[in-house]
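There are 2 protein chains.
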Amino acid sequence: MAKAPVLTPQAEDFPRWYQDVIAKAELADNGPVRGTMVIRPTGYALWERMQREMDDRIKVAGAQNAYFPLFIPESYLRKEAEHVEGFSPELAVVTHAGGKQLEEPVVVRPTSETIINASFSKWVQSYRDLPLLVNAWANVVRWEMRPRVFLRTTEFLWQEGHTCHATQADARSYARQILHEAYEDFMVNVLAMPVVVGRKSPKERFAGAINTLTLEGMMRDGKALQMGTSHELGQNFAKAFDVQYLSAEGQREYVWQTSWGVSTRMVGGLIMGHGDDNGLRLPPRLAPTQALVMVVKDGEGVGEAAAKLVAELRGAGVRVVLDDRTDTPFGRRAIDAELKGIPVRVELGPRDLAEGNVTVVRRIVGTKTPTALGAAAAAVTTALVEDQQALHDEALARRESRTTDVTTIEDALAAAATGWARIPWASLVDGGEARLAQDAVTVRCLIRPDGSVPESDDEPGVIAIVGRSY
Amino acid sequence: MAKAPVLTPQAEDFPRWYQDVIAKAELADNGPVRGTMVIRPTGYALWERMQREMDDRIKVAGAQNAYFPLFIPESYLRKEAEHVEGFSPELAVVTHAGGKQLEEPVVVRPTSETIINASFSKWVQSYRDLPLLVNAWANVVRWEMRPRVFLRTTEFLWQEGHTCHATQADARSYARQILHEAYEDFMVNVLAMPVVVGRKSPKERFAGAINTLTLEGMMRDGKALQMGTSHELGQNFAKAFDVQYLSAEGQREYVWQTSWGVSTRMVGGLIMGHGDDNGLRLPPRLAPTQALVMVVKDGEGVGEAAAKLVAELRGAGVRVVLDDRTDTPFGRRAIDAELKGIPVRVELGPRDLAEGNVTVVRRIVGTKTPTALGAAAAAVTTALVEDQQALHDEALARRESRTTDVTTIEDALAAAATGWARIPWASLVDGGEARLAQDAVTVRCLIRPDGSVPESDDEPGVIAIVGRSY
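Residue numbers (numbering that gives the first Met the number 0), protein chains in the order written: chain V, 0 to 469; chain G, 0 to 469.
Hints are computed from structural coordinates only; laboratory data are not their basis.
This one's a predicted model, so the numbers in the text were calculated from it and none came from an experiment.
Relax, there's no trap hidden among the hints.
Calculated lysine to aspartate or glutamate pairs in the EDC-like style (CA-CA distance at most 20 Å, straight line):
| hint | chain 1 | residue 1 | chain 2 | residue 2 |
| --- | --- | --- | --- | --- |
| 1 | G | K99 | V | E84 |
| 2 | V | K121 | G | E25 |
| 3 | V | K58 | G | E52 |
| 4 | V | K99 | G | E73 |
| 5 | V | K99 | G | E89 |
| 6 | V | K121 | G | D19 |
| 7 | V | K23 | G | D128 |
| 8 | V | K121 | G | D28 |
| 9 | G | K121 | V | D335 |
| 10 | G | K99 | V | E73 |
| 11 | G | K121 | V | D19 |
| 12 | V | K99 | G | E143 |
| 13 | V | K99 | G | E103 |
| 14 | G | K121 | V | D28 |
| 15 | V | K99 | G | E84 |
| 16 | G | K58 | V | E52 |
| 17 | G | K99 | V | E89 |
| 18 | G | K23 | V | D128 |
| 19 | G | K121 | V | E25 |
| 20 | G | K99 | V | E143 |
| 21 | V | K367 | V | E385 |
| 22 | G | K58 | V | E47 |
| 23 | V | K121 | G | D335 |
| 24 | V | K202 | V | E89 |
| 25 | V | K58 | G | E47 |
| 26 | G | K99 | V | E103 |
Construct the entire structure; sequences and hints are all you get.
Here it is, written out as structure tokens:
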């Protein structure tokens, strides 16, 4: 296969590589309004697969989908003081509609805590209504000064979950349930991304939350990407919007709340977490197309053998596509399949086939193996399982090799040049976090020495993961 | 079962009944910004089922999902003259964002022809790129003067398909393929709504289209609801946005286009097309919950029998839910199940069960049948199939009995008081359509005498379906 240098190598210029792969794999374009994006079919198929996998997990966790309005009265945002302060600089505001100036401007939702709590205040009456577990798939708008496709866009797609509970313990437990059972399970087992799961430092918390839990992925340039968050909101929004319930004992009580979200930013994480100089590498469990059966060129029996193999793979539950576009040069088709990260290709040419052979090409581990036609389907299904694991293990090994245990801020900054540092949180509390910020290094999350999530910031022995981030 | 008069009867006040059922079945609330809606979990589950069924059909028709920005530069709308004229009065405009006034105001999409064609002009180069078949699931905004939940809301959810073809014949054929294979098939066979499929009169066409095809459902008050449309756009947008391709012969040609959409308005159609004085009646193929196994009250073996029946039904592929909330009065639970239109209930009480019996309640046909426990699962699956058909047939019979063949405008107006009229289109072309409009009666669509869709307005023998509409 001829390989044209279609992408800037990662080692040469990682941000440029990222732009190149998004363009050449036809994942997305910039939209005409600054910071917006057009998600092309190839890119959207990744998001659709993420949605389906996440939605299943969210439903297993008991939440039901609903939809809340795009437009929020400006006054709602002001009801929770920290929240409005956090989001004001990013708001898009509709001032005219229906040919007239509006009496009260409306904000395009940057997140929906305020408008959802206005509904919750009507829906929640009694302890029997709790827990109330709601999720919404929606677009949100945050005006971005330094936009970057998928990672930081003026408009993005996400899910936002919002829940009400009778007690703080219930809310805390649910925020963790979503964190681990929906998000971590999906990211580790479907995206093959060995995220570090921890707690945000107070400085990095969501505006209006009393605790933010996070999942941080390491990209192939050593930077961190926040892949998702799950917040305990305490009673902040409940008090601002008067969400109260009558307890079994007949007392009026404010509910305890959580909110949690993942967005199209995960597509950026998938690209930068696994992609190489030839393009994307998609984990098989996520890949919209898991296997591509390619007719190299036409010849006796080739089309029939390809069709039979496609049917066999489909019967085995593989998401398979036939590429028999022999009027397009094979090399160009193969490069395109590499760019788009299709996990396994089976190449059928007349010459090999005459000897009963096909070639199985594994994108993730990079092997090309001549295989008897009759054994091809089994080779594909085996490769899909093995390479899911291989991709995860490779990412985990990279993360571990690029994470350094340090005790001083100087060493943390040095480690952050190429990866992450693990440093005692106690050594950062007195101005250390601010010192790191001067060099654009942040505390990504706090974890316990055993890797689990601390119950509070001031647990003894808590470790901070620090690094540069997207 | 005690029946409280929870809903205003349809015969007394149909619009009031509609509001009542939406509130009592917990389908939706009004949002705080005028004309917006909150779609509650029970209502959203209906939309999710519609999405899944439609999305499958759209993919079978070869279209791929993508996403285009919410925000459109104001100047884009002006590029197609009829389009901007049609939509200007309904636009919501963002003038401020990121703390500043924008240099060019941006419009919140009312539909995406303009911004999608800006992408198409980049994506389409050669005849090899055609047909280009794209669909998007999105929210759109049209500022409504007389909003009504689900039917006419300032913000609604929909899918919008947009396609490019090499020839007018290809575009025409695809607009019809979507009309029949995606929309009509879904509405008739899943929604159980016997829609009339036809062509819009020139006056009723989409702003910018050369032909609009439509599916019209009759509501239980005799009014029409436009359930979906499929447009031929000709080359109007292709010329406005310079979407050209190089033909096999080496000529630069403008593409021919279609667009097509269905929205959350279908939820309103489902409510008004099938609902009765006790609430919704959901067609089994659509219903998120097809069967409810209800423990009437606790007693020896009741819980076990219920659990076993649930497992049996689930094994048979039925979407089944167990209701064992015996701390809530049974009558209230039964009323709620009626309100929400769950097709089949199986009621298990200790007394009947002691004799080996349960009661199968069919919401659509209104029967309550004592049934041996061992035969209950089969009775449910049979009922689901039969009642899907029964609901369709009932709606078809209603439509036929309320549709009158007439030859004069006076008779058409009389017929439109309670239903639809069929009138020769030729008798309306000279001012007749305007005369009808004075009485708020419109041409819903044009059909051939055999019910098929005319190729043009001036085919001899074309019949106009006229009526009042939502």
